[in-house]
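Enquirer: Between the sequences and the hints, there should be enough to build the whole structure, so can you do that?
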Amino acid sequence: MILQTIKDKLASGQTLCREDALFLFNNTGLLELGQMADEQRKRRHPDGQVSFVVDRNVNYSNICCCKCRFCAFYCDENDANAYLLSYDEIFAKVQELVDHGGTQLLMQGGVHPSLTIDWFEELFIQLGQRFPSVQIHSLSPAEIIQIAQLSDLSVTECLQRLQAAGLKSIPGGGAEVLVDEVRQVISPNKIGWRRWADVMEQAHALGMKTTATLMFGCGETPAQLVEHLFRVREIQQRTGGLSAFISWSFQPNNTELGGDSATGYDYLRVVALSRLVLDNIDNIQASWVTQGDKMAQVALRFGANDLGGTMLEENVVAATGVAFRMTQQQLIDLARDAGFTPVRRTTGYEILEVY
Amino acid sequence: MNDIIAQVRAKIDTGQRISDADALQLFESDDLFGIGQLAADINRSKNGDKVLFNVNRHINYTNICVNQCRFCAFSKESGEPGGYTYNLSQILEKAAEANAAGATELHMVGGLHPELPFDFYLRMMATIKANNPHMKIKAFTAVEIDYFSQISKLPVEEVISELKRLGLDSTPGGGAEILCAEVRNQICPEKISGERWLEVTEKIHNSGLKSNATMLFGHVENYADRVDHMAKLRALQDKTAGFQSFIPLAFQPDNTRIPNAKGPGGLDSLKTLAISRIYLDNFQHIKAYWIMLGLKIAQVALSFGVNDLDGTVVEEKIGHDAGADSPQKLEKQEIIRQIRNAGKIPVERDTLYQQVRVYDDIAND
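If you read the sequences in order, they're chains A and B.
FYI, numbering that gives the first Met the number 0 numbers position 59 of the first sequence as 58, with every residue one higher than the one before it.
FYI, numbering that gives the first Met the number 0 numbers position 140 of the second sequence as 139, with every residue one higher than the one before it.
Calculated directly from the structure, the hints in this document are not laboratory data.
Errors might be hidden in some of the hints.
Unchecked claim - In silico DSS-like cross-links for lysine-lysine, where the CA-CA straight-line distance does not exceed 30 Å:
#: 1; chain 1: B; residue 1: Lys231; chain 2: B; residue 2: Lys45
#: 2; chain 1: B; residue 1: Lys93; chain 2: B; residue 2: Lys209
#: 3; chain 1: B; residue 1: Lys10; chain 2: B; residue 2: Lys45
#: 4; chain 1: A; residue 1: Lys41; chain 2: B; residue 2: Lys261
#: 5; chain 1: B; residue 1: Lys10; chain 2: A; residue 2: Lys6
Expert: Now the structure itself:
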């Protein structure tokens, strides 16, 4: 029986293949899939710790050339609500983060039509001088490629200069579904999956860690979702540079793509499957920002071991009308009530405090 | 840890009832999947893959209440800003909207109003029924029935029979909260006792009306209090068979006055629903009330022994005043989609759990 073969593989530490993953996704009950993922999570994190980072998103601009059909955040340069934050505005936001004991700055914008590398270099240098305790975990592959092109640099040169200016790690945004047939429908102007992977692998080669994300529920097939997971797994096999995997569901409100939201059932199945497939990535995050605190807690028993960040500020998901907020204490309680030991971590998953 | 699951499963398989001690051990167990699977198996043997919902509308006719329960963010004192009372024509208008939208049920509960006479409620029943003869009216908790008896000086039996004569079809299960006195003294000291709630509910059942039973959880109560609550319901059900469904209500903490109570987490909610399915062997239906649980948890609960997703609701005030972040209403198509997505068969039911329509073929929606 296929399910038993898959369970035996997992128990003996073997990697699943695409067919196994597709079988699990299409044919296994929610509880069975969850239990398998929970066991894998326990094997990898036998200490029962659930981690989180104190962070803030700063969206330096909402002006974006990509105009992805799933996005409710982007603006045209001439739109009335288009903005580009000044350095001083950004510093004020980071100061608030530091005041809250924050250690991670997640800065992302739109793919801006004219900002060149000088703007980012100068910003990162000044941030480093003012806020040495904050790790700059910023920019997605699509932004890095845009900056490189506008500045006549190769991707590697661009990454090297950003790294020298203070960029320490890169968040895994903009992956959506790493299958070009899906991307052509939901984000036709954004880089294809190979270029996304290429930027991440070059960053890894320079010693930068990154994460990888998945935005599911935007019309992809189960086979395409499985393909995404395996492409992420294969990047990790080549570089070892991925610190975490984060899945969230497409939020259709205020977007051109529209349609139905993924359900709670869908979300837990995707989290569980990602834990089972991604046996070479340590950390699977639960997304309370898109799923709410109750579902994020349940996800901790469906394979997740990390709650992401406290997110003092978040704008992109909020633009779809989904606006969950949580304090650090709420994250701690959430993990503890689920029977875990909450820990505060750095961007690089070093433990700062055990609660 | 797994012993309790095996022990309970053995009892279930041999047709034995599980004990209060068993239920307590289940609450204390960390075996989420063992509990969930057991509840799912029991539910499947009782209800197959069918999941019920109804097309209903809530009408909270007043928020003015002589009680000031600490868990409640809905009630206002007489004269307090924000207080409201619908008049009969407003109520009829909402009932007519519900009728036009295809609702088969009105769910009506309100505060214990200090001035409205019992006659108001009788006229409310009579006029709604006269204007909407096919609409089922599910109204008045045991707490309200008891209050009507006080203000009308009529015995409870007579209050029920008058309401029933004029159109009441069933009663909801609210006001049960947690039945034991220690907890009630902390969260709702002015409300009728647990014993009185059970007594009035028994009279409702004896009149031939069905009711539901709720349990407000995730505030100050402990697991033993939850088990005690369910034990009392199970005992009354043995006597009357008048409960249709059990509805655990997740406490919503915003704007309430219970210090440090934060409401149950997602895992506690799923476990509680599952354990109620396992323990309440004489209840046919366990309902995940999405207004309080959130739609995502309510849908996931369909894999944890739940077979009823409540209704379309349309206008809900009690949970939302306490910070529930669920929507105000669900379209019927959305409920059907959620049920199908969880691998179940959607069945529209009426108030008395009669099947209205089975949605077993997506092509015929």
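Enquirer: Work down the list of hints and note, for each, if the structure agrees.
Expert: Against the structure, the hints come out as follows:
no. : hint               : verdict
1   : B:Lys231 - B:Lys45 : holds (22 Å)
2   : B:Lys93 - B:Lys209 : holds (24 Å)
3   : B:Lys10 - B:Lys45  : holds (16 Å)
4   : A:Lys41 - B:Lys261 : holds (28 Å)
5   : B:Lys10 - A:Lys6   : holds (29 Å)
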